[in-house]
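*Asks:* What follows is the residue order along each chain.
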Amino acid sequence: MYKFTTINENETQRLAKQIGEKLMPNDVLTLDGDLGAGKTTFTKGLAEGLAVKRTVNSPTFTIVKEYKGRMPLYHMDVYRLEDSEEDIGFDDYFNAEGVTVIEWSQFILDFLPEERLQINIKKIDEERREIILTPHSDHLNELCKELKL
Amino acid sequence: MILAIETSCDETAAAVVQGGTKLLSNVVATQMDIHQKFGGVVPEVASRHHIEQMTVILEQALTEADVTMENIDAVAVTEGPGLVGALLVGVNAAKALAYAHGKPVIGVHHIAGHIYANRLEKEFEFPLLSLVVSGGHTELIYMEEHGEYEIIGETRDDAAGEAYDKVAKALSLPYPGGPQIDRLAQEGKDTYNFPRSYLEEGSYDFSFSGLKTAVINKLHHLRQKGEEIDVENVATSFQESVIDVLVDKTYDAAKDYGVKQLIVAGGVSANKTLRARMEQRFAETDVELTIPPLYLCTDNAAMIGAAASVEYHKQNYASLNLNANPGLMM
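These protein sequence lines are chains X and V, in that order. Just so you know, we're using the numbering used here here: the first sequence kicks off at 161 and counts up by one. Just so you know, we're using the numbering used here here: the second sequence kicks off at 21 and counts up by one.
Please note that the accuracy of each hint is not assured.
Derived EDC-like pairs (lysine to aspartate or glutamate); straight-line CA-CA distance at most 16 Å [what the hints assert, rightly or not]:
| no. | chain 1 | residue 1 | chain 2 | residue 2 |
| --- | --- | --- | --- | --- |
| 1 | V | 238 | X | 286 |
| 2 | V | 189 | X | 194 |
| 3 | V | 238 | X | 285 |
Hints in this document: simulated from the structure, not taken from any laboratory.
Based on the provided sequences and hints, a complete structural model is requested.
*Replies:* As C-alpha cells, then:
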C-alpha cells in the first residue's frame, strides 16, 4: 500500500498524470472516494498522462465513456448498476488493449479482475487529499514504487 | 419519408417524418414510473422494456401516420451516445426492418436529434447556435449548414441535468430531479449564494461539479448544526446559479459567433425558468430564439427522423454493420 498526501487539486492531478504515463494496455484501476473527493479531477490527470486530448467529463449518464489517447481510456461510473448484477460486457473493456478506470467499483466486485490498482481518495479538508494506492500485480506495484510527489 | 427509432435511454420511441419538417406520427413509451422506484435509470431494466415495447411502438407509429413500410424511404435510428444495451435494441430493430424491406438505414447522433427537433417547428437560419442541456449533456454547438456540427463549449465535469438530479437526491426529492427543483424554485429566494462557475475568460465550457459539491456541503453543515433547511430557497439558489451561467455563456457565444438563430434543446430546455430567462435575454437582440414545445424537449424519435432527413439527402447511409456506439462523437 502506498500513501500520498496532496496539498491541492493541481498536485492531485499531477500524481494522477504520473500514473497515467506509466500505465500499460489492459490495466484496470478502481477509483473510490466520496462525492466531491475529486474522482473526476483524478481521472483528468490520468487522461493527461495517457495523452488524451478531449475533455474528460462525467460518465454517470451513459456508464462508460471512451477516449482516444496513446491507448484507449474507458472511464466507467457503475453507480447505477447497484444491485442489478448486470454485466455490461466488462471483460470486453478489460481486455481491449486500453486502460479502464472504474468509479463506484464496489457495485461490480464480482466482475473485477484480480490484477488491478485500487485507488482511494480521502478528503482531508477543502484542498488536501489522501491518496491510497493498493496495487494487485507486480507491474502495478513497480509503477507505484516509481511515483514521486 | 423516414421511419425513425430512438432507444438511447429510458424512452422507447418511433416516429414518421416527412421531408425533415413534417411530423406524421410520434409515439413515445416512457419508463419513467419504473425508474422512479430506483431513483434513476437502471440499464438492464431499460433494455428489457425496450424489447417488450419495440414492435408495438413501431406498428403504432406507422398506423398513426397512415402509411406502410412501402411508403418509407429510409429507417433512421439513434446509434449513440447512450446506454449500450438500450441502444442495441433500437439499432437491431432498425437494421432488421430495413433489411426485410430493402430500405437504407441511417445512423443518427442523439444530440443532432435534439437540435433537429426544432426544425419540426421552424426552418433553420444559419449560422445558428444550439445549447443542448440534458441529463447527459451540456454543450454549445455551432452550425454553419445542415449536418455540420462544431462543439464550441461543453461541460468539463457534470452535465446540468445530472447536477439537478444529484442535488434533488441530496434534498430527498423524487427522480427525476429537474422538474421537482424547478417547481420548488418558483416558491423560494436566492439566499444561499452558491458559486457560479464561469471558468477562464472567453471559455464557452461549463462546470457544475463545484456547485453540486457546494450545495451538498451546505446541506451537510446545516444538518450537523441542527439548523433548518429551507428547501425552496436551496432549490432557487441552486437553480439561479445554473441558469445564470447557461444564459450568460450562451449569450456571449451567440454574440461572438454572430448567429442568426439560437436553439435550446434537450430535456432541461423544458425548465420554465430557463425558458423565461432565455426569452428575456434574447428579446432585445436580432437573434431568433427557438425552444421546442415540451413534447419535443424530452427524448423522442421525431427528432431522430428530422436529423436523418438531412443525411438522407446526402445519401449518407449506414451499412448493416451499424452498431450501437455508447460514446459516439459528433
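*Asks:* Please verify whether residue 189 of chain V and residue 194 of chain X have alpha carbons no more than 16 Å apart.
*Replies:* Given that 16 Å is the threshold and the Cα spacing comes to 15 Å, the pair holds.
*Asks:* Please work out if residue 238 of chain V and residue 285 of chain X have their alpha carbons no farther apart than 16 Å.
*Replies:* Satisfied, since the Cα-Cα distance of roughly 15 Å is no more than 16 Å.
*Asks:* CA of residue 238 of chain V to CA of residue 286 of chain X, is that 16 Å or under?
*Replies:* holds (13 Å)
Of the numbered hints listed earlier, not one is contradicted by the structure.
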